[in-house]
Amino acid sequence: MASSNSQNIVQIASSDNTFSTLVAAVKAAGLVETLSSTGPFTLLAPNNEAFSKIPSEVLNKLLLPINKEVLVKILTYHVISGEVDSSAIITMDSADTVEGSSITIATNGSTVVLNGNTKVLKADIMASNGIIHCIDSVLIPSGLDLSTLK
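Using the working numbering, you'd call the opening residue of the sequence shown number 538 and step up by one each time.
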């Protein structure tokens, strides 16, 4: 299911101000090249409001080079290998992420809910190398304690 959009995931996110924090995080994690590659990928993209739910001191620490490994874990937990559009995602109970863990998927009426409480706000933003679904919270892999960041 190749997309007709000529822009890749990073270019689309960069051109949309609602993803400016995500784009800054992708740059800090050194993932621009990866997410610009052929893919295809499905990006569960937290909007700026999602990132604002994380205390600013924690978010600022996450963007520091010393915490790059943690940031990469968090961001790759938002990436599913392959193109998973909304018609496919509603048939799934879970999905394996590039980070290695899986996320749970459920539907509540017409809303797709990830890990029990994160809602998909806008689905099927098509890119040349995959699909973006805008979500309302930052997904944190289980076992990752952000309070221990340096």
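These aren't lab readings, by the way, just hints derived from the structure by calculation. Certain hints may be false.
Unchecked claim - List time: in silico DSBU-like cross-link candidates among lysine-lysine, alpha-carbon distance up to 30 Å:
(1) Lys-605 with Lys-659
(2) Lys-656 with Lys-590
(3) Lys-564 with Lys-610
(4) Lys-659 with Lys-564
(5) Lys-659 with Lys-598
(6) Lys-605 with Lys-564
(7) Lys-687 with Lys-605
(8) Lys-598 with Lys-656
(9) Lys-590 with Lys-564
(10) Lys-610 with Lys-687
(11) Lys-605 with Lys-656
(12) Lys-610 with Lys-659
(13) Lys-590 with Lys-610
(14) Lys-564 with Lys-656
(15) Lys-687 with Lys-564
(16) Lys-659 with Lys-687
(17) Lys-687 with Lys-598
(18) Lys-590 with Lys-687
(19) Lys-610 with Lys-598
Stated by the list, open to error - Using C-beta positions, here's what the derived DEER-type ranges look like:
(20) Ser-684 with Ser-631: 22 to 30 Å
(21) Asp-661 with Asn-585: 16 to 24 Å
(22) Lys-687 with Asn-645: 34 to 42 Å
(23) Ser-618 with Ile-677: 18 to 26 Å
(24) Leu-600 with Thr-628: 29 to 37 Å
We treat Cβ as the ideally placed atom computed from N, Cα and C, and that holds for glycine.
Evaluation of the provided hints:
no.	hint	result
1	Lys-605 with Lys-659	holds (28 Å)
2	Lys-656 with Lys-590	holds (14 Å)
3	Lys-564 with Lys-610	holds (14 Å)
4	Lys-659 with Lys-564	holds (23 Å)
5	Lys-659 with Lys-598	holds (28 Å)
6	Lys-605 with Lys-564	holds (10 Å)
7	Lys-687 with Lys-605	holds (11 Å)
8	Lys-598 with Lys-656	holds (26 Å)
9	Lys-590 with Lys-564	holds (20 Å)
10	Lys-610 with Lys-687	holds (16 Å)
11	Lys-605 with Lys-656	holds (26 Å)
12	Lys-610 with Lys-659	holds (23 Å)
13	Lys-590 with Lys-610	holds (18 Å)
14	Lys-564 with Lys-656	holds (25 Å)
15	Lys-687 with Lys-564	holds (20 Å)
16	Lys-659 with Lys-687	violated (34 Å)
17	Lys-687 with Lys-598	holds (7 Å)
18	Lys-590 with Lys-687	holds (20 Å)
19	Lys-610 with Lys-598	holds (14 Å)
20	Ser-684 with Ser-631: 22 to 30 Å	holds (27 Å)
21	Asp-661 with Asn-585: 16 to 24 Å	holds (20 Å)
22	Lys-687 with Asn-645: 34 to 42 Å	holds (38 Å)
23	Ser-618 with Ile-677: 18 to 26 Å	holds (20 Å)
24	Leu-600 with Thr-628: 29 to 37 Å	holds (36 Å)
Of the numbered hints given earlier, the model fails hint 16 alone.
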